[in-house]
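Just need the whole structure built from these sequences, with the hints factored in.
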Amino acid sequence: MKTKVLLAVVVLSCAPLGVAGNKAEYPNEKVAEFVIEKLDVTSLPSAFRPKKEKGKKTFADYGFAARRVDENEAVIEAAGRVKRLAIKVLDQKSSGIYVCVAEPGENGGQAKTQSVLLLKRNDPRALLKGRESFREFAACPVIGESDSTASSYGD
Numbered sequence: 490m491k492t493k494v495l496l497a498v499v500v501l502s503c504a505p506l507g508v509a510g511n512k513a514e515y516p517n518e519k520v521a522e523f524v525i526e527k528l529d530v531t532s533l534p535s536a537f538r539p540k541k542e543k544g545k546k547t548f549a550d551y552g553f554a555a556r557r558v559d560e561n562e563a564v565i566e567a568a569g570r571v572k573r574l575a576i577k578v579l580d581q582k583s584s585g586i587y588v589c590v591a592e593p594g595e596n597g598g599q600a601k602t603q604s605v606l607l608l609k610r611n612d613p614r615a616l617l618k619g620r621e622s623f624r625e626f627a628a629c630p631v632i633g634e635s636d637s638t639a640s641s642y643g644d
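Numbering-wise, my numbering puts 593 at position 104 of the sequence shown, and it's gapless, one number per residue.
Derived by calculation from the structure, the hints in this document are not laboratory data. Please note that a few of the clues may not be correct.
Pairs of lysine to aspartate or glutamate, EDC-like flavour, derived with a Cα cap of 16 Å [as the list claims (entries may be wrong)]: (1) K545 - E526; (2) K519 - E560; (3) K609 - E514; (4) K609 - D580; (5) K572 - E592.
Given the structure is predicted, the values throughout are model-derived calculations rather than measurements.
Following this line, the structure appears as structure tokens:
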């Protein structure tokens, strides 16, 4: 009986260490650069993601290049200027990164579509997965149609 109790105490005391080791951390600097490098674009809402292609997950895989990257903002563009996206980091918490993703209008006009997304990952080696957030930010009012029929994970 004493052995079982001792074993249970040892397991319970080590559990927080195991859980803490799996916690995915997010950077405090160059967050926009981190987002464009680590985002699984196939998890974005259909208004922003490129057409799915086998084996491709990141912006780099799809041929997007950064046109401008600041501490908390980035503008990326697909080869041939087919698609352009602006990403602005709105808030960062231990639970994830809130970003505003927008498809800029012609000649830098008002965005055609924009939405607040929550980016998360479960493992430090995993890509960020995005889903639309219901949290509102004054810096990113929702513009454009909401795709409520498809999940943000591409289902």
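Hint check results:
1. With a C-alpha separation of about 13 Å, the suggested pair K545 and E526 falls inside the 16 Å cut-off, and the hint holds.
2. The suggested pairing of K519 with E560 holds, with an alpha-carbon distance near 5 Å, which does not exceed 16 Å.
3. For the hint linking K609 to E514, the alpha-carbon distance of about 10 Å falls within 16 Å, and the restraint holds.
4. Of the supplied pair hints, the one linking K609 and D580 holds, its CA atoms being roughly 13 Å apart against a limit of 16 Å.
5. Straight-line distance between C-alpha atoms of K572 and E592 comes to about 8 Å, which keeps the hinted pair within the 16 Å bound.
The structure is consistent with each of the numbered hints, conforming to all of them.
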